[in-house]
Amino acid sequence: EAGVAQSPRYKIIEKRQSVAFWCNPISGHATLYWYQQILGQGPKLLIQFQNNGVVDDSQLPKDRFSAERLKGVDSTLKIQPAKLEDSAVYLCASSLARIAYEQYFGPGTRLTVT
Amino acid sequence: DAKTTQPTSMDCAEGRAANLPCNHSTISGNEYVYWYRQIHSQGPQYIIHGLKNNETNEMASLIITEDRKSSTLILPHATLRDTAVYYCIVRGGNRDDKIIFGKGTRLHILP
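Keeping their order, the protein sequence lines are chains W and L.
Count the first sequence with my numbering and you get residues 10 to 123, in order.
Count the second sequence with my numbering and you get residues 18 to 128, in order.
Watch out, some of these pointers could steer you wrong.
[Stated by the list, open to error] FRET-style restraints, in silico, Cβ to Cβ:
no.	chain 1	residue 1	chain 2	residue 2	range
1	L	D114	W	N60	34 to 42 Å
2	W	R73	L	H94	44 to 52 Å
3	W	R73	L	S58	22 to 30 Å
4	W	A106	L	T73	36 to 44 Å
[As the list claims (entries may be wrong)] Reference listing, derived: stretches of chain W covered by chain L, where coverage requires no fewer than 3 residues with Cβ under 8 Å from a Cβ of chain L:
no.	stretch
5	68 to 77
6	82 to 90
If you're looking for bench data, these hints aren't it; they were derived computationally from the structure.
No experiment lies behind these values; they were computed from the predicted model shown.
Glycine is no exception: its CB is placed at the ideal position from the N, C-alpha and C atoms.
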């Protein structure tokens, strides 16, 4: 079974630039999550989708972050404009359903903002 | 905020059992205890979860105290590949309840 795919794996940008991350969840998984993990901390949920609808985006900095999940499959997370404090690993995860006990994580995208 | 307290780091000799403690003194009746781990440069990986009873799977055992205020994850025969950060998480049983990660325990398996 293929896992959660993410690209790119690494990205370096300057502050005020824009960046986008892509995620392809496990086939058939209705729920998709984006997490931000700052060095030394646990992942923090940014946004959760159920199919192509947003369930929770309470911790998404909406002035600069946006995310979409077209057709309820792939998802993109965008930052515009980036700040130094956005340097982190961005993890995508998926699960069969919102209450599923197991979330499957991708390898993450490491973003460095200079 | 995370509802659990874990030691920052632990060491364990290869081949021995690794016992990772977790305190969750404010856990409520419908909340589960979950464990995930994160190997360096990878995303977190689900290990096990439980409500009241002890649980075992191919990866680990979960021992929950009778009052449910603490638990222990046991890796029976630790290998170098078990070196990772282990997260203990308390999560409710409703579909709106989230998995909230704390800082976890950094487990070093020593050769």
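Check of the stretch 82 to 90 of chain W against chain L for coverage (Cβ-Cβ below 8 Å, three residues minimum): With 0 residues in contact (Cβ-Cβ under 8 Å with chain L), the coverage given for the stretch 82 to 90 of chain W is violated.
Range hint compliance [Cβ, W/R73 to L/S58, 22 to 30 Å]: Given a distance of about 26 Å, which is inside 22 to 30 Å, the answer is holds.
Outcome of range test on Cβ distance (L/D114, W/N60; 34 to 42 Å): violated (19 Å)
C-beta pair W/A106, L/T73: status relative to the range 36 to 44 Å that was hinted: violated (24 Å)
Outcome for the supplied range 44 to 52 Å, where the beta carbon pair is W/R73 and L/H94: For L/H94 against W/R73, whose Cβ atoms are near 47 Å apart, the range 44 to 52 Å holds.
Coverage of the stretch 68 to 77 of chain W by chain L, judged on three or more residues with CB within 8 Å: violated (count 0)
Hints 1, 4, 5, 6 from the earlier list are contradicted by this structure; the remaining hints agree with it.
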